Amino acid sequence: MPKSPAWNVIGIKWLISFMPMLFLLSILPTNAEAIPAFARKYDLSCTSCHTKAPRLNAFGEAFHMAGYQIPQTEEGELREKRQIGRIVSEKTFLNIFALRATGNFVESISGGHPPETNLALPREIELYFAGTFTEDVSYFFNLSHEADTIEGIDNGRFEKTTAFGLGKEFFLMFDLSPSHRGATNMHEITMTGPMRMGPMIMVGKVDPSTNFSYPTNRQFILDQPGRIDTNNGTIQRFTLSPYAFSAKFFGLSTGEGNTIEVTKGVLYNTPGDFGIDVHAMLGRFMLQTGVMQGIDAGSADINEKKDPYVMTRVNFGSRNYFSGSASALAYWGNDTAKVGNDLVDWFRTGVSGNIKYKLLDLYGALIWDKISGLPAATASVFDETAFGMTLESDFILTDRYLLSLRYDRMDAGGFANQKADGEVLTLQLRKYFRDNYAVYLRDSVNIGRVSTNPLQNFRNLIALGVDLDF
Amino acid sequence: MCTLIKTLKRISLLCFTIVLMTSTAIRSQEMDHSSMGNPTDETQDQDTMEKMNGNRDGDEMAVMKGKMIFSMSCVYCHGSRGEGDGAASMFLGPYSHPRPNNFTSGIFKFRSTESGELPLLSDLMRTIREGIPGYMPSFRNMGEEGLRAVALYIAKAFIQADLPTTTSIKYVKHVGPYIYSPQSVRRGEILYGIMKCNECHGADGKAGRTDLRDERKLMVHPIDLTRQETFGNGTSHEDIYRTIMTGLDGTPMPGYSDLFKGEEDSAWDLVHYILSLQGR
Numbered sequence: 001m002p003k004s005p006a007w008n009v010i011g012i013k014w015l016i017s018f019m020p021m022l023f024l025l026s027i028l029p030t031n032a033e034a035i036p037a038f039a040r041k042y043d044l045s046c047t048s049c050h051t052k053a054p055r056l057n058a059f060g061e062a063f064h065m066a067g068y069q070i071p072q073t074e075e076g077e078l079r080e081k082r083q084i085g086r087i088v089s090e091k092t093f094l095n096i097f098a099l100r101a102t103g104n105f106v107e108s109i110s111g112g113h114p115p116e117t118n119l120a121l122p123r124e125i126e127l128y129f130a131g132t133f134t135e136d137v138s139y140f141f142n143l144s145h146e147a148d149t150i151e152g153i154d155n156g157r158f159e160k161t162t163a164f165g166l167g168k169e170f171f172l173m174f175d176l177s178p179s180h181r182g183a184t185n186m187h188e189i190t191m192t193g194p195m196r197m198g199p200m201i202m203v204g205k206v207d208p209s210t211n212f213s214y215p216t217n218r219q220f221i222l223d224q225p226g227r228i229d230t231n232n233g234t235i236q237r238f239t240l241s242p243y244a245f246s247a248k249f250f251g252l253s254t255g256e257g258n259t260i261e262v263t264k265g266v267l268y269n270t271p272g273d274f275g276i277d278v279h280a281m282l283g284r285f286m287l288q289t290g291v292m293q294g295i296d297a298g299s300a301d302i303n304e305k306k307d308p309y310v311m312t313r314v315n316f317g318s319r320n321y322f323s324g325s326a327s328a329l330a331y332w333g334n335d336t337a338k339v340g341n342d343l344v345d346w347f348r349t350g351v352s353g354n355i356k357y358k359l360l361d362l363y364g365a366l367i368w369d370k371i372s373g374l375p376a377a378t379a380s381v382f383d384e385t386a387f388g389m390t391l392e393s394d395f396i397l398t399d400r401y402l403l404s405l406r407y408d409r410m411d412a413g414g415f416a417n418q419k420a421d422g423e424v425l426t427l428q429l430r431k432y433f434r435d436n437y438a439v440y441l442r443d444s445v446n447i448g449r450v451s452t453n454p455l456q457n458f459r460n461l462i463a464l465g466v467d468l469d470f
Numbered sequence: 001m002c003t004l005i006k007t008l009k010r011i012s013l014l015c016f017t018i019v020l021m022t023s024t025a026i027r028s029q030e031m032d033h034s035s036m037g038n039p040t041d042e043t044q045d046q047d048t049m050e051k052m053n054g055n056r057d058g059d060e061m062a063v064m065k066g067k068m069i070f071s072m073s074c075v076y077c078h079g080s081r082g083e084g085d086g087a088a089s090m091f092l093g094p095y096s097h098p099r100p101n102n103f104t105s106g107i108f109k110f111r112s113t114e115s116g117e118l119p120l121l122s123d124l125m126r127t128i129r130e131g132i133p134g135y136m137p138s139f140r141n142m143g144e145e146g147l148r149a150v151a152l153y154i155a156k157a158f159i160q161a162d163l164p165t166t167t168s169i170k171y172v173k174h175v176g177p178y179i180y181s182p183q184s185v186r187r188g189e190i191l192y193g194i195m196k197c198n199e200c201h202g203a204d205g206k207a208g209r210t211d212l213r214d215e216r217k218l219m220v221h222p223i224d225l226t227r228q229e230t231f232g233n234g235t236s237h238e239d240i241y242r243t244i245m246t247g248l249d250g251t252p253m254p255g256y257s258d259l260f261k262g263e264e265d266s267a268w269d270l271v272h273y274i275l276s277l278q279g280r
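Taken in order, these protein sequences are the chains called E and C. If you count the first sequence from 1, position 318 lands on 318 in the working numbering, and the numbers rise without skipping. If you count the second sequence from 1, position 96 lands on 96 in the working numbering, and the numbers rise without skipping.
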């Protein structure tokens, strides 16, 4: 691991001052099961659905796919469950409500200009309300409070904001599957052919990648906020996020003219935007299609041309502690972004894969982007293609420790005089004091070039933070 | 006339005896079959199913339905061969008990039969209906028909042996002199010591030993007896009585039906004592 002298001094000082904190956290009480909403509702531990929260295991994916229902139970709301020797109605508020708080306590960034050490409070607090209204209608509402996010304003300038409002996802989901419930005898039920689910329709603010083999939103390694020079709104360091899902083009702005941060999750891999999504499963295959408003179009329909997308996925493995999936996507961003004052089309294709074997979880995504319809004047100075890759491996070391390694690579596009490529390796150790409460220590190393370009403006980034679900 | 009637009577009596004899012979043959238990014999499996409940056609259909339910709701944890090696299974208990058990091993935790025996069909149905707190969801909303179908499928496809239809353990009703009283709790407390429950569960019931392993060599903690909401085998008086009598096969928790033989009613004292520990 390349080290600069600055890293040594800051890193060591930092480690010494935070050892006592780690120690304090490690002696907190550790038993008791986890309890966020669905776990509370079904009386299950988090690991029934998650490898570790927030990533899903095969059963969690089936539950998610079926519209937050345990497949085949066709329950709508689970109306009764066993509790302390009695059957009680389970409709309590805590069964639909959950809360998540994440963020760094401390971080130290070296090799940049200038190096920095920060103390911070958890940056993101999210409230979830999720469940089923009826057997066929489910809901997922998410409100979030996010500090320190970077928003593009006009012409290459940015600002840091603190936002409270609609979270990443906010939708209703309708199950349109031909119902088994009407079947009057077993013959009818068994004669319905291969296993299938859906079609399910999601309407609202949706994250299309939620069914992709590498779901954009379910990250163990959280996005690391970037840095802005508040005097002139220029960006000094981009947010560190999975590069496969990011915008990748230097010099693009939204339809409204706001600069798009090169590492912001966009298009199919947006963390959530307004649209309609349909997905269905037949046997091992899933087909998904939908339309989105475009980047940052908001609920108001300002982008006249909609962005359609399709995704297919195949699942494999049902024994020997093995499972996996592979997915491919295509997204047509019509008039989705601007170069200067001209609207351009943005086409994205990608593949992703996931293999879970015993306690090892391997996954990755390769995403190609292409801009077309450039004005003739810019065509010669603008690289129209970009590529991103994110590979991750998570391993559950013991009942309490999770080790993650992620590799991110971006071959950026955009204006030749602005663009830079990035390559980052992140190692992270999470300690789960409970299933729903983890503290992490991460180290992200820029294994490419260090320069003043905001994509490359750090060598080493260490952070200690928390991920708490209630 | 008279002799004709007599002969008719005699003939019908003869017929009746023949029918009776052949039917008992067939039945005892069936029993022999089932105790020999040739698991690969298709027709015989069906016979068993038929004997257990209802008609043959209905059960074939039920097993098919059970297969469909299993592949949509259970494979993720239990694996397509029922060996407990589903894709999600290890994440449930990365390095400790429990994980979904291997149905083909024939070792079942939640039974009303003696330790070492297979469960009844109704035992499987109860487990699936109620779920296992923390580890397996309740499938109550699947309905009794669905529960029975998937239990039949497990028996036929994975256990591949005849499930017993009765148990030799005596289940004394929780009525009359056996209902809860402070005296009963006190007697239960004494039994708890005499029967050495404390060696594993600790004097206060709050899980003592940390060196126990299950049959797969995974670490298993004796359950905290003061937190009945975590009991996998149920929390009613009857459930705990059953746990004590049958034990939990595949874990170190032994069955005590032998020790209680002839004095089954005093098991209620122990049940009352455990329930008195709640919330401590």
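Just so you know, these hints were derived from the structure itself, not from any lab. Predicted model, so just to flag it, every value in this text is computed and none were measured. Ideal Cβ positions, reconstructed from N, Cα and C, are used throughout, including at glycine. Mixed in with the good hints there might be a few duds.
[As the list claims (entries may be wrong)] Computed footprint of chain C on chain E; a stretch qualifies when at least three of its residues, placed anywhere within it, have a C-beta under 8 Å from a C-beta of chain C:
| no. | segment |
| --- | --- |
| 1 | 42–48 |
| 2 | 55–68 |
| 3 | 221–227 |
| 4 | 321–328 |
| 5 | 351–359 |
Chain C covers the segment 351–359 of chain E, three or more CB atoms within 8 Å, holds or violated = holds (count 3)
Apply the coverage criterion to the segment 55–68 of chain E and chain C: a residue qualifies when its Cβ sits closer than 8 Å to a Cβ of the chain, and three qualifying residues are needed.
holds (count 5)
Worksheet item: Holds or violated: the segment 221–227 of chain E covered by chain C, criterion of 3 or more residues with Cβ-Cβ distance under 8 Å?
Response: violated (count 0)
Mind checking, does the segment 321–328 of chain E have 3 or more residues with a CB under 8 Å from chain C? Coverage by chain C holds for the segment 321–328 of chain E (3 residues, Cβ < 8 Å).
| said: Closer than 8 Å Cβ to Cβ for three or more residues is the test here. Does the segment 42–48 of chain E pass it with chain C? | reply: It holds: at least three residues are needed, and the segment 42–48 of chain E offers 6 whose Cβ sits within less than 8 Å of chain C.
Violated hint: 3 only; the structure is consistent with all others.
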